[in-house]
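Q: Mind docking chain B on chain A? Use the hints.
Residue numbers (my numbering), protein chains in the order written: chain A, 1 to 70; chain B, 1 to 273.
Simulated from the structure, these hints should not be mistaken for laboratory data.
Every value quoted in this text rests on a predicted model; they were computed, and no experiment measured them.
Glycine included, every Cβ here is placed at the ideal spot set by N, Cα and C.
With beta-carbon atoms standing in for the labels, derived distance ranges: (1) B:Leu228 x A:Asp49: 26 to 34 Å; (2) B:Arg221 x A:Cys16: 29 to 37 Å; (3) A:Arg45 x B:Asn236: 18 to 26 Å; (4) A:Glu58 x B:Asn30: 41 to 49 Å; (5) B:Glu254 x A:Val25: 38 to 46 Å.
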Amino acid sequence: MKLLINGKTEPLKQTCISVSELLQVKNVEHPEAVSVQVNKEFVSRTDFDSTLLNDNDEVDFLYFMGGGTY
Amino acid sequence: MGLSESQTERYSRHIILKDIGVEGQEKLLNGKVLIIGTGGLGSPAALYLAAAGVGTIGLVDGDTVDLSNLQRQIIHFTPDLERPKVESAAEKINQINPDVTVNSHNKFAKAENILGLVMEYDFVIDGTDNFPAKFLINDACVMAEKPYSHGGILKFDGQTLTYKPGSACLRCVFEDLPPKNTVPTCSQAGVLGAVAGMLGTIQTAEAIKYITGVGNLLENRMLTFNALAMEFMTINIKRNSGCPVCGTTPVITELQDYEQPVCDLIQKKNPME
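One chain only, chain A, in its complex shape:
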């Protein structure tokens, strides 16, 4: 399957994958601190396991960035 991850087309060998699994496959550090949009809708963290991605879905990972350096 192919996914559009943060604007880039990425082929995956899986044919079906959940948001949680994708976070693992992409080696996202601290997935508990990442917000995920699928097709421009935010997925609640509690639904990461049950939300399955389809071919050509758009997935956006948004990371916390706390610095501003007072």
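A: Coordinates of chain B only, in the frame set by chain A:
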């Protein structure tokens, strides 16, 4: 009001921009921007807003200038070490542009004082370095219906979004503070000084656009960039009806000082204390 001869000369490069002109420059001179945090993001913001002739600039910061700040906090100079940051910044602003009135608040933004501060201004720039402050600013600006620019930087990355009443807020994207120790701070992970400059300058352009009413703000969009790849990306975001502060049934209706273990307590005092 009308611009004086020296103002016409000083702001000539703004005035010849057809989107700004004399009218836009007068809006800037009547504009009021609050900068919370006079550090890596607040420094370029303060310098450019001052040079642009934003008539009133508020500075909020309870910290003093530390040697490790000078790598990126460009409004502070070596002789300013140990001075209150707002005092050091106010001095530079006055030197850049006598048209600007500076309101210095030598304290950290907290639940008890932030609403009173943001209410006095047209636009707020978040230049803080910690999540409790960022969420406090977000919640205060949502409650006060005050537009603001969120900014965050880390290592070689930056991200920013502009909130305007009715658009997606920070909590639409990130419901709550990240869990302990999942996101490093700049003092743990480092940050390229120029990245702070890039992001703070983007935030400043947003403030100027808002005041003059030109262009499209970063509303319902989050801009992220990575300076190593030098790639910029804009992710469209939607207002979240389940957002705890701006959603249909908000659960956050009062401001509070959020607790999040700032992991670098040893290196510097907790700005929320």
